[in-house]
Amino acid sequence: MKWKNFYIGLVLLFLYLPILVLIIFSFNTSSLNILFEGFTFKWYGELLNNVSLLEALKNTLIVSITSTLISTIIGTISAFALKKYDFKGKKIINQLLYIPIVIPEIVLGIALLSIYTFLHVELGLGTLILSHIAFSLPFVIISVRAVLDNMPSNIEDAAKDLGASNIKTFWNVIVPTIMPGITSGAFLAFTLSLDDVVISYFTAGPGSNTLPLQIYSMIKTGVTPDVNALATLILLAVFLVLGISTILQIRNIKRQVKV
Amino acid sequence: MYKSLFQKIITIPIIIYALVLIAMPILYVLALSFLKSDAYGGIINEITLQNYIDIFDVVYLSVFLKSFIIAGIATFLCIIIAYPFAIFVSQKKPHIQKIMMVLVIAPFLTNSLIRMYGWIILLRKEGIINTFLQNIHLTDHPLQLMYNDLGIIIGLVYTLLPFMILPVYSAVSKVDKSILEAAKDLGANKIKTFTNIMLPQTASGLFNGSLMVFIPAIGYFFIVDILGGGKLMLLGNLIKNQFLTARNWPFGAAISIVLIIITFLLVKLYKKKGGNMDELGGF
Amino acid sequence: MKRKIVELKNFGKTFGEKTVIDNINLDVYEGEFLTLLGSSGCGKTTILRSISGLDSPSTGTVIIDGKDVTNLEPMQREVNTLFQNYALFPLMTVEDNIEFGLKMKKVPKEERQKKVKEMLKLVNLEGYENRKPKELSGGEQQRVSIARGLINRPKVLLLDEPLSALDLKLRKKMQVELKLLQKKLGITFIYVTHNQDEALTMSDRIALLHNGKIEQIDTPVNIYEHPKTVYVADFIGESNMFDGEIIGINGIYASVKLALDEEENIKVINNNFNIGDKVKVIVRPENFKILKADEKTNSIEVKIKEYIYDGSITNIIAKGKNNQEIKITVPRNKTIVAKGTITYIHWNINDSIVLGETNV
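Each protein sequence line maps, in turn, to chains A, B and C. Our numbering numbers the first residue of the first sequence as -16 and each following residue consecutively. Our numbering numbers the first residue of the second sequence as 275 and each following residue consecutively. Our numbering numbers the first residue of the third sequence as 83 and each following residue consecutively.
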């Protein structure tokens, strides 16, 4: 049993090693990221002065939040529509949805770049948002569909029978019931969007650099330790959110075990 | 009337999406791949198969080969790391399992480029690992841990490992424990229990994970750029260069179409082996 | 004659090539408890869904309270449904579930609360307002769904196998409760089931469906005692079916030669038969009497094969001369003859149900 725990620990160490390094060096007085020379908070202060990084962060948040919102709304409605109605081309659409999930991101990236160029759409935040919707929407649909398939089938009938219109049935009964699928789909879309490098690389325009793209160019030209500070802050936020949701879920598991 | 209006409103967005953001771009790339390009990056409306013929040039074929070998090695290493990990974790109590899986996912919710940068700090000549190895006198000169194939493979394995762990863990935890006990009870040793029961029952999870590691690995040009040092070229970089540097879009499109076809063949094989499309991507 | 509350006229439903309901006419009267009975796939649920508006017929019209509603949405019809497996909204409390119909009608809050209280009292669930469906037993969930279905005071309540998810004991209890509730409220119930016991105990009338047609619509007593077709006789209750031929007519009686025993003829009521008519003689197992000897008319020779004890009754399997199996039911304490004995069974002339070729 001990060596199994050791193995689990080793894999986790592999996953966390680069992150730990970043956190430690974000407090390092030396800007060389080689040896730890002394403790400081100064990089966190400098972060506030790094205009291009903050600009990139702002762009990233605009793109991620907008694309997640749109993907989640369209994804939820579409998952429902694809399940409930038969219409022309439904089979093909169902197949097309898997394309962004399976093909290499770079192919979708150059395909979107090509079509934007062909249609003379200027690259910028708009094309970024559109592209992020392109790759995240199928994930929302699959996530919502999984919950929708487990929904008791006749509650929709029950709502209509009790006088609810199509819209009220969808909004008052179906949406609350499939909320877990919607939130996990939105969460997935948001994290995919936040971290996307490949597709953004092709579809961002000048002046619409996202955080990953900014860091990419910094890595090639020279990273300042305030990036470490930013990484640490992002990590902190992620672990806070995940920590809380995990504690809640574990409580649920424990409660179920008791019952 | 009322019914059909609601139906129209909720089915239109997905139709537009599928047409405009998926079908049209892909079909346009397909069309591009049969056109000619001029010396200045422009596209000439003349149909040709030359782009596909060019792929068979030794230079490009070797990029294909190299990409598949590197992606194959990364996939293999991911299996070697993820499979025992998934099995060991599945033997833990439910809430420990939950925490473990959150710990696996958490790093991947942070910026992947920042994490790549963490690896640079670790792997470079004057980096932490080399400093450590020299301090304990395992080596007297710094080792070349990045800016080579090794660096690329470390980067790929690191970035794609969760996409292997998630489906494999989900397959492993679905295996009925009583079947394993029954096998033991019937006298099967550990190896036989594994090869006869565990492996076949988790094969689709392994296949799923392999797809989700192998295919992206071919296209992740930024890992090759950062940890490979830009000297090496894999398919992702080749496509990127055709579109952004060499500006030979039709040739880049042809390579992309070949990549799509390879992807489809792999997915078809996955489906044929009983794989569920909705489980792709770690669901 | 009572007022018609639901009328189906030339009602038909097809799914692609398949005809599920084939041009039926059905009248339901105000305040009655009508059961649509039939095996699964006979189209009974389709009829129900067309009345509620969740489905629409392929042909014909649906009339509710004199108004053609064929093309109206469910929200425009004054009917409500109790669904199979209750179909409670899983995330809403009991109160929110029951209140839902009123909310959709935009009834003011105070009135809603008052009515919810009334309904909770009606179904004995006071104090359950804030529970979630998950926290209720099957029977309690059933009561919530009843309250939810009745709060809008529908002209007709449609019940789609509402008791099928309950265990036998609870089901019997709910059968009685539903029946009492229906009498108390005077609301028309259209009840769908494949369970004939349920149909026989609860209904004022039963419509037995088969192959998209109504085989017979009648009171439970008539359906059981005077089935009009072989299918009805076979579907409802246990029955023995003997092939026979009319060989003589004598006023109100006719005599039949049975394939079962060519030497004995039996007497039946004459129902416009002609000599030579091929008929089926149907006898319920409980209508046989076992005799020691061939002492009465209308009796045939059988050999006792098996006894099956079943609490208050005993089932007997016997065989006729032509080896046809015959089911006989006798009260538990009846002295019975030993297995393997050859003996005679007798039944009254009135207990024969005789159906001619046309009723097959």
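Note that these hints are calculated values from the structure, not bench results. Beta carbons are placed, not taken as given, at the ideal position from N, Cα and C, and that holds for glycine. Any given hint could turn out to be false.
[Unchecked claim] The calculated label-pair distances, taken between Cβ atoms and stated as ranges, are:
1. C:Glu211 <-> A:Phe70: 39 to 45 Å
2. A:Leu108 <-> B:Asp331: 36 to 42 Å
3. C:Lys199 <-> B:Lys547: 30 to 36 Å
4. B:Lys366 <-> A:Lys71: 27 to 33 Å
5. B:Ala456 <-> C:Val303: 53 to 59 Å
6. B:Lys451 <-> C:Asn107: 36 to 42 Å
Going down the list of hints, with the structure as the test:
no.: 1; hint: C:Glu211 <-> A:Phe70: 39 to 45 Å; result: holds (42 Å)
no.: 2; hint: A:Leu108 <-> B:Asp331: 36 to 42 Å; result: holds (39 Å)
no.: 3; hint: C:Lys199 <-> B:Lys547: 30 to 36 Å; result: violated (59 Å)
no.: 4; hint: B:Lys366 <-> A:Lys71: 27 to 33 Å; result: violated (50 Å)
no.: 5; hint: B:Ala456 <-> C:Val303: 53 to 59 Å; result: holds (57 Å)
no.: 6; hint: B:Lys451 <-> C:Asn107: 36 to 42 Å; result: violated (59 Å)
Comparing the model with each numbered hint stated earlier shows that hints 3, 4, 6 do not hold.
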